[in-house]
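The residues making up each chain are set out below.
2 protein chains.
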Amino acid sequence: MPFQPSSMKIISVDDHLIERPNLWLDRLPTKDHEAAPRVVNAGRLDFWVYEDRAEVYGPGLGAAAGRPVEEWSMQGIGMAEIAPGCIDPGERIKDMDIDGVWAALNFPTFSRFAGTRFLEFRDKELALRCVRAYNDFVFDEWCAAAPDRFIPFCILPLWDPKLAAAEVERVADRGARSVGFPDGVETLGLPSWHTGYWDPVFAAAAACDLPLSSHIGTGQRPSPVSKDAPGRRQSGSQVCPANSALNGLGSFVMVTDLTFSHVFHKFPNLKIALSEGGIGWISYIKERMDYVWERQKHWAGVADVRPSSLFDKHFWGCFIDEEVGLRERHAIGINNIMLEIDYPHSDTTWPHTQKRVSELMVNVPDDEAHRIVELNARDLYRFPG
Amino acid sequence: MPFQPSSMKIISVDDHLIERPNLWLDRLPTKDHEAAPRVVNAGRLDFWVYEDRAEVYGPGLGAAAGRPVEEWSMQGIGMAEIAPGCIDPGERIKDMDIDGVWAALNFPTFSRFAGTRFLEFRDKELALRCVRAYNDFVFDEWCAAAPDRFIPFCILPLWDPKLAAAEVERVADRGARSVGFPDGVETLGLPSWHTGYWDPVFAAAAACDLPLSSHIGTGQRPSPVSKDAPGRRQSGSQVCPANSALNGLGSFVMVTDLTFSHVFHKFPNLKIALSEGGIGWISYIKERMDYVWERQKHWAGVADVRPSSLFDKHFWGCFIDEEVGLRERHAIGINNIMLEIDYPHSDTTWPHTQKRVSELMVNVPDDEAHRIVELNARDLYRFPG
Chain A
128 MPFQPSSMKI ISVDDHLIER PNLWLDRLPT KDHEAAPRVV NAGRLDFWVY
178 EDRAEVYGPG LGAAAGRPVE EWSMQGIGMA EIAPGCIDPG ERIKDMDIDG
228 VWAALNFPTF SRFAGTRFLE FRDKELALRC VRAYNDFVFD EWCAAAPDRF
278 IPFCILPLWD PKLAAAEVER VADRGARSVG FPDGVETLGL PSWHTGYWDP
328 VFAAAAACDL PLSSHIGTGQ RPSPVSKDAP GRRQSGSQVC PANSALNGLG
378 SFVMVTDLTF SHVFHKFPNL KIALSEGGIG WISYIKERMD YVWERQKHWA
428 GVADVRPSSL FDKHFWGCFI DEEVGLRERH AIGINNIMLE IDYPHSDTTW
478 PHTQKRVSEL MVNVPDDEAH RIVELNARDL YRFPG
Chain B
128 MPFQPSSMKI ISVDDHLIER PNLWLDRLPT KDHEAAPRVV NAGRLDFWVY
178 EDRAEVYGPG LGAAAGRPVE EWSMQGIGMA EIAPGCIDPG ERIKDMDIDG
228 VWAALNFPTF SRFAGTRFLE FRDKELALRC VRAYNDFVFD EWCAAAPDRF
278 IPFCILPLWD PKLAAAEVER VADRGARSVG FPDGVETLGL PSWHTGYWDP
328 VFAAAAACDL PLSSHIGTGQ RPSPVSKDAP GRRQSGSQVC PANSALNGLG
378 SFVMVTDLTF SHVFHKFPNL KIALSEGGIG WISYIKERMD YVWERQKHWA
428 GVADVRPSSL FDKHFWGCFI DEEVGLRERH AIGINNIMLE IDYPHSDTTW
478 PHTQKRVSEL MVNVPDDEAH RIVELNARDL YRFPG
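Going down the list, the protein sequences come from chains A and B.
Residue 128 is where the first sequence starts when you use the numbering used here, and the numbers rise one by one after that.
Residue 128 is where the second sequence starts when you use the numbering used here, and the numbers rise one by one after that.
These aren't lab readings, by the way, just hints derived from the structure by calculation.
Keep in mind that the hints are not guaranteed to be accurate.
Pairs involving identical chains hold if they fit within one copy or between any two copies, as the list cannot separate such chains.
[Claimed, not checked] The calculated lysine-lysine pairs, modelled on DSS-like cross-linking and capped at a C-alpha distance of 27 Å, are:
#1 K354 / K440
#2 K251 / K221
#3 K221 / K398
#4 K398 / K482
#5 K354 / K398
#6 K289 / K482
#7 K393 / K136
#8 K354 / K289
#9 K482 / K354
#10 K251 / K393
#11 K482 / K136
#12 K440 / K393
#13 K136 / K440
#14 K251 / K158
#15 K354 / K393
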């Protein structure tokens with residue numbers, strides 16, 4: 128039976144919202160307004176200003192949806208060029224309706240996908256109030272606009288695992304369905320997950336049944352791509368086609384490093400979504416981890432559980448538009464794959480998602496397609512509750 | 128038709144030899160004997176001594192073949208524990224016969240897989256004589272022992288692209304069938320391949336129809352695995368199960384970075400074997416590169432050739448024991464896959480290669496299996512000439 132979009136509701140587990148300009152000013156006491164993030168106009172462009180730093184409000188490829196690829200650039204864009212659906216949840220619902228997407232989990236932009244922006248703050252008490260204000264915005268504004276269509280995703284104060292664990296519990300009480308956790312921590316200057324440092328966060332997430340959504344890029348890993356690669360100089364950052372092609376590396380490394388750690392043995396209920404990591408590489412790394420484990424478990428003292436079994440229990444792969452990964456879906460795990468639209472970023476299938484998903488699923492039986500486009504997300508994120 | 132080992136001869140495109148202790152003393156003038164690599168005994172272990180440095184002669188996992196996995200360790204091993212087939216080509220042929228392997232390309236050990244050891248030498252004139260002596264050893268001793276069973280593989284003086292190009296031409300005249308080139312160069316402190324720096328080497332290799340064999344690890348890329356990962360402290364190096372599972376990363380990055388460079392447009396005859404890079408990830412990265420290229424070629428100014436087409440023309444994937452990659456063989460390219468045994472390293476299938484290859488090929492038609500286990504290597508390496 129071919130893909131029947133009418134019989135299933137597409138859920139995107141990875142879209143992006145841009146924080147509205149007055150989010151923090153409206154939610155923090157006046158004493159914080161001097162240092163809290165707020166938006167200042169400077170001609171064509173607007174900038175976030177926070178503490179003594181500033182950054183453009185509209186990132187180039189970060190608001191690409193709807194613009195022709197020939198016009199894309201790494202240049203920041205002005206408020207008028209940003210699709211209203213990036214900022215306004217009511218407008219977003221309209222864009223989701225155009226695309227035939229029923230529900231979505233959204234990552235923040237200025238805050239970064241796991242809230243790592245607030246690691247930079249010198250005033251960590253202010254930073255904590257900012258994190259909580261963002262999370263309250265998610266409940267009170269973004270998700271409140273359409274509770275059956277937005278999966279509540281929250282960020283954590285990552286500079287303090289005990290505070291982070293307390294925020295996990297607070298947002299769980301408020302109805303969160305996932306929290307952000309970086310796909311790398313040592314690259315953020317924080318202790319590795321092989322130490323016990325992160326155990327309070329993992330314990331709280333497991334106890335509250337809140338899966339971690341670990342979006343690529345959140346660990347701010349240095350790109351292995353040459354500094355001379357085409358596009359890298361133009362972008363003034365790591366972003367370039369070669370680096371984008373290697374987007375999944377963060378997930379690739381996270382899976383391997385965590386699977387050979389104590390974490391899943393200590394927290395058997397911990398679940399991790401590999402947001403935007405792609406899926407076509409997963410059956411390879413499962414096979415490869417098992418191969419190495421068979422040969423090296425003795426000398427290295429790694430645990431007596433087959434790595435691929437740990438993957439099946441703890442990881443969910445997320446993809447936008449891949450044929451290889453769907454061919455390999457049984458080796459990856461039919462219950463471990465979720466769809467993402469990545470609105471409004473450059474990889475998005477918006478506004479052609481229905482058409483593209485129908486093409487991708489042409490050789491996938493309906494019950495499997497249903498798991499991939501909807502049911503796995505509903506089960507993992509307990510949505511709706 | 129099931130796999131018919133009797134109808135085809137297995138060629139391994141990635142095995143390893145250990146340089147015999149007197150290789151350089153026998154081949155270099157007396158004035159060089161003070162600083163050239165030679166072996167000194169120190170009780171149970173022997174050490175290479177060169178200039179003012181020293182390193183154990185028998186690496187731990189580097190001579191694992193034939194020993195039970197329970198006994199493997201990262202500890203260096205003594206001369207008596209090293210299988211004679213590591214050092215003596217006549218003994219190697221016996222080990223290949225036990226394994227049912229007809230021919231093999233061998234990388235050196237002390238010299239490192241692309242000869243990068245000699246980058247360390249302070250005396251670069253001595254280093255050049257050492258590189259040439261190794262290459263002459265390959266022709267006069269190793270391959271001379273069984274010319275129809277050893278594919279001549281040579282190393283280059285990588286600190287000087289003009290000298291390296293001259294050595295490409297010299298070894299091509301002597302009958303070489305491949306030269307080593309690192310899977311990363313900036314990590315060796317050398318200019319990137321996006322600059323014109325390496326063009327003389329690429330030009331010479333293309334003109335001589337000598338494919339580059341780029342073995343994983345040769346770029347000495349820093350491992351993205353946590354410094355606390357199990358096994359990493361025991362090994363005192365990057366080596367650990369998580370890092371071994373990520374072995375293919377160097378090839379993964381090299382493919383992406385080179386494909387988005389000028390190199391293949393400037394050198395349309397350049398060919399690169401991704402030695403020990405694995406193959407199960409290749410169909411994923413081909414699809415992913417095309418996806419990004421469609422969207423980002425405009426802003427980033429990358430060339431107007433589809434990345435997957437460049438892969439098909441320029442890269443050969445090499446695998447030891449993978450089922451995922453063989454399922455994906457048509458998307459990878461049935462003419463772009465070669466088998467390796469990796470004798471005597473820890474990933475090797477020796478001495479069970481015939482049995483394991485028969486299992487792996489159970490669903491692969493005979494003509495495709497023949498290309499993968501023998502004919503692709505014969506074509507790429509023009510072997511025998």
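Right, here's what the structure says about each hint:
| no. | hint | verdict |
| --- | --- | --- |
| 1 | K354 / K440 | between (38 Å within a copy, 25 Å between copies) |
| 2 | K251 / K221 | neither (37 Å within a copy, 67 Å between copies) |
| 3 | K221 / K398 | neither (31 Å within a copy, 50 Å between copies) |
| 4 | K398 / K482 | neither (31 Å within a copy, 38 Å between copies) |
| 5 | K354 / K398 | between (35 Å within a copy, 24 Å between copies) |
| 6 | K289 / K482 | neither (45 Å within a copy, 54 Å between copies) |
| 7 | K393 / K136 | neither (35 Å within a copy, 49 Å between copies) |
| 8 | K354 / K289 | between (38 Å within a copy, 24 Å between copies) |
| 9 | K482 / K354 | neither (37 Å within a copy, 45 Å between copies) |
| 10 | K251 / K393 | neither (30 Å within a copy, 53 Å between copies) |
| 11 | K482 / K136 | within (14 Å within a copy, 48 Å between copies) |
| 12 | K440 / K393 | within (13 Å within a copy, 47 Å between copies) |
| 13 | K136 / K440 | within (25 Å within a copy, 42 Å between copies) |
| 14 | K251 / K158 | within (15 Å within a copy, 65 Å between copies) |
| 15 | K354 / K393 | between (40 Å within a copy, 20 Å between copies) |
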